[in-house]
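Asker: Position chain B against the provided structure of chain A, taking the given hints into account.
As given, the protein sequences belong to chains A and B, one line each in that order.
To get our numbering, take the position in the first sequence, counting from 1, and add 39.
To get our numbering, take the position in the second sequence, counting from 1, and add 39.
Calculated from the structure, these hints are not laboratory results.
There may be inaccurate statements among the hints.
The list cannot tell twin chains apart, which means a pair is met if one copy fits it or any two copies do.
Listed next, the in silico DSSO-like pairs over lysine-lysine satisfying Cα-Cα at most 27 angstroms (straight line) [to be verified]:
1) K270 x K315
2) K568 x K588
3) K342 x K234
4) K584 x K439
Note that the coordinates shown come from a computational prediction; the quantities given were computed from them, not determined experimentally.
Each chain is listed here by its residues.
There are 2 protein chains.
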Amino acid sequence: MSAQVQALYDFTGEPGTTEMSITCGEILTLLNTEIGEGWWEGRNAKGETGLFPAAYVRKLTPEESSQTKAAPPAPRYDQAADDWGDSQFSAGDNNFQRGASHEDGWDDDWDDDTYSEIGPSQQQHKPPSYTPQTPLTPLPGMPINDYNHHIDDNASNFGSSVGTVRKNKFAPSSKISGESYLLATLNVEVPDSDKVYIIQDEEGYVWSPLSQPYTVTVASPKKESKFKGIKSFIAYQLTPSFNNIQVSRRYKHFDWLHERLQEKFTLIPIPPLPDKQISGRYDEQLIERRRVQLQEFVDWMCKHPVLSKSEVWQHFLTCTDEKRWKAGKRQAERDNLLGLNYCVSLIVPEKALLQSQVDHITEQCHIFINSMDASVKAVSNMCVLQTKRFQGPYKSDCQKIGEAFYSLGNSLGLDEGSIVSKSKLTSAITMTGGIYIEIGRMYDEQPKYDWEPLGDKFHLYKGIVGSFPDVLANHKGAVQKKRECERLTAEHKMEVAQLNEVLRRTDVISYALLAEINHFKSERTVDLKATMQKFLRQQITFYKKIVDKLETTLRYYDE
Amino acid sequence: MSAQVQALYDFTGEPGTTEMSITCGEILTLLNTEIGEGWWEGRNAKGETGLFPAAYVRKLTPEESSQTKAAPPAPRYDQAADDWGDSQFSAGDNNFQRGASHEDGWDDDWDDDTYSEIGPSQQQHKPPSYTPQTPLTPLPGMPINDYNHHIDDNASNFGSSVGTVRKNKFAPSSKISGESYLLATLNVEVPDSDKVYIIQDEEGYVWSPLSQPYTVTVASPKKESKFKGIKSFIAYQLTPSFNNIQVSRRYKHFDWLHERLQEKFTLIPIPPLPDKQISGRYDEQLIERRRVQLQEFVDWMCKHPVLSKSEVWQHFLTCTDEKRWKAGKRQAERDNLLGLNYCVSLIVPEKALLQSQVDHITEQCHIFINSMDASVKAVSNMCVLQTKRFQGPYKSDCQKIGEAFYSLGNSLGLDEGSIVSKSKLTSAITMTGGIYIEIGRMYDEQPKYDWEPLGDKFHLYKGIVGSFPDVLANHKGAVQKKRECERLTAEHKMEVAQLNEVLRRTDVISYALLAEINHFKSERTVDLKATMQKFLRQQITFYKKIVDKLETTLRYYDE
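The shape of chain A in the complex, shown without the other chains (with noise of 0.2 angstroms):
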């Protein structure tokens, strides 16, 4: 019998390409996992047949599959999203996903046995190398039941208040988990090299700057190849500006990072990975465009005060040796703090913060960032759209032109010789018809120049800001649990110093959002500026090579 796999997540294939669209919970059978760069190939209840990501099913156990074909259970997504608080199920169902795409048919690699080591089974259960201290212990006066009941309240009413909570394509599970740092129960001493501090300026406040600002960049990516060139992949090169030291990657490499960054900083909007695409994946201008795009999101990564410290991201960008690469690949995804829990990092002003004030800006930001997402689509999907109709129509309607006027130069040619002056003019209709041809050439290059790179900047925009009511909705669970404590202290059921370490951690929380949202700001302040200054010039260019053309055809005319 054919292996069976269930969806974890909704996923929407394009349409007109080999790809289907898949439902959470819905159960497909597996056709073919050697599509390679994450896809798999399955056929659905209703005899549909296509390509799907990987990381977006689980393999069922023959035993799920036997009793899945009288009636599927229910979807796996759903369950989960009622696990919030329950950080070790949390953790080791984030093992289990990633256990699950390493298995996938992306093709292997030399960083995948880390799971040989272990096996699958094992690896499954396998319970997370932090256990918190007390997630299972309830809290003084509280019971166990009643406890519970009021967190799975919060989280379902919290997440139908904030509607816009989206799922990153590849994260697992964008829940809150670090529970215990809020609860005032998780007590790790932090070496102060990895301390980071909230500061501030006059804009408010914010990350403290970068001490040792730096770039990378990634170069023009080469096709690899490896077991005596049986499987071929793309890797990028990149090169941090302070080491000089030239890393290869490949896509998978910086997925698996984006999981970890996405994993470890919940209240950070992580910038996005290009999308996956299945169609014309080894065609040149798409590798380009990968690259263009994994460019934005290394430059986003460098600029930004915590993520460009990360340890994970650190590692990733310099190491070169495959035995630490798998040390420090390991000793990543056993990270203890993730989460809320990475608060523990920050060094926050001594200043209380009122709530209040804190609603009203996440309010603002909240209507700012549901504007912002419509306004970043629009953009993005009219580059897309542009670049089309450059290619497209555009193109073809100057090639018309062109050819209109090419074809009327040589009738008239049909009929030379008995008027001197005829010849000039003919030869300037022709010339007329190849400059509209040539116009036409120029439409279609074009895009490479204005709408491609805008794409991509918007790219990564609509990562940033989809990301954002993620990151709301994180905050805000945690204010929500803040409030239940209160309460919980009203009616005796906590004590005030614990209530008081609560408030006090929610606080760094908030602080941690606020700089935040103050990083996004000044950050998007310089880059679109920049941006539109660059495609207006791109544009401004463009059109008066146009003229420039349209003034030599005329003067044919003249001579």
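Answerer: Below, chain B without anything else, positioned relative to chain A:
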């Protein structure tokens, strides 16, 4: 019972309008003759209803109607195609056509009473005022049947060999009339003032140039009304430069003129009138386009050494008196010297032409015209297409760009206040949106300056080039008749003296064709150069304006 009509020509209704396609010979039931502007409404056998040009059909008598229900008669046009050389029948036929088109729902005017004097039924059988001397008299030594037989053969061979012979939309038939001239049976004294000279210059044989060139302006049309405002119509104001006296002419007057010119000058392509259009016919834009196309018609007429001097044209340009108009109109309709008979007015060089040379030139012209026909149509279609593109997708694409940037600016504005430099960026982005919306508006406006004038010019060329095959066919028919006479003479069925006169007159016809070919050549050489230069200058201005707009926008980012 409703009246029935029979289609005389094919007409292709424009899709998406109320127009209906009709096929030559098709019987339709008449529903409405009050549509105006030369349109009638009818229902075809399939039950479809729609509008078609009244001039394209003829009303059936009740007797005909009752017959046609059982079996429609053979298409009238096909019958007419065999009438070659039967000038008496053709003339009657033309009169019938004319009578029909004046009863046909074009709103009555003061000039329509020409027909009310006689009444349509009388008029239909009224012999033309000039009766050719011998059309029914066989040439000496040639039996009637035999002669007719040969003529028929020629006519049909000829029709199939040319293949591209086309009907002018508004001309009843462009078949050769005036055979009596060729067969040397027409002997009319033409007054010196009416004589037209063909001379030889460095370009070959040409029409003797105009001694007193003039221009005529077609001024902005006015909406006029009569019958106390019940009927309203558009009148175009024409002012010739030679007298500066303005005359008011409606489209129907142009149409009448055009019919007369086509009857008379079968060796000269008559410039086309604007197409009849039903949609938005009182739309200001359409009226202005018509004016421009009428101006093109008028300009071509004025520049033509023969047409510009013709009596009917002079009458049309100068008559301001109702009585004189009627008289002149009747005179034009009774003109003897139609078709080849017009050649009696021509004075050509003494030198006999070499038939092989004439054949070579006409052959070349045929190839050239065939090619030009396709090219000119392609340019013409392109102008229509580009106009639609500019006013449709190009405009709306720009506006989409504008809206995307504009809404991005608005979104950014939601987050105003805390960063000093941001407001500038926001307003610059909003401004950018506004500029692209403005560029969209420019696209909407632009065709008026480039594509539409180019289209109007190529409408003219389409008409002239499209008339050339008929002109060539008329000439070729004469040459074939000449050969026939040569054969008859060889068989001693025609006298040498008569043949010589036929040869001389065939040469006159050939001289006329050569002069016309050269006239077209020299006219278009000057005209196309100016047209292309004007078009390119407008295109350059347009793209420069875009550059200016974008440069203005770019400066906002730096201020």
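Asker: Decide, hint by hint, whether the structure agrees.
Answerer: Hints versus structure:
Within a single copy, K270 and K315 get their C-alpha atoms as close as 19 angstroms, which meets the 27 angstroms cut-off; across copies the closest is 68 angstroms, which misses it. For the homomeric pair K568 and K588, the shortest alpha-carbon distance between copies (18 angstroms) is at most 27 angstroms, but the shortest distance inside one copy (30 angstroms) is not. In this homomeric assembly, K342 and K234 come within 27 angstroms of each other (Cα to Cα) only inside a single copy, at 18 angstroms, whereas the closest approach across copies is 90 angstroms. In this homomeric assembly, K584 and K439 come within 27 angstroms of each other (Cα to Cα) both inside a single copy, at 19 angstroms, and across copies, at 24 angstroms.
Violation of the numbered hints given earlier is absent; every hint is satisfied by the structure.
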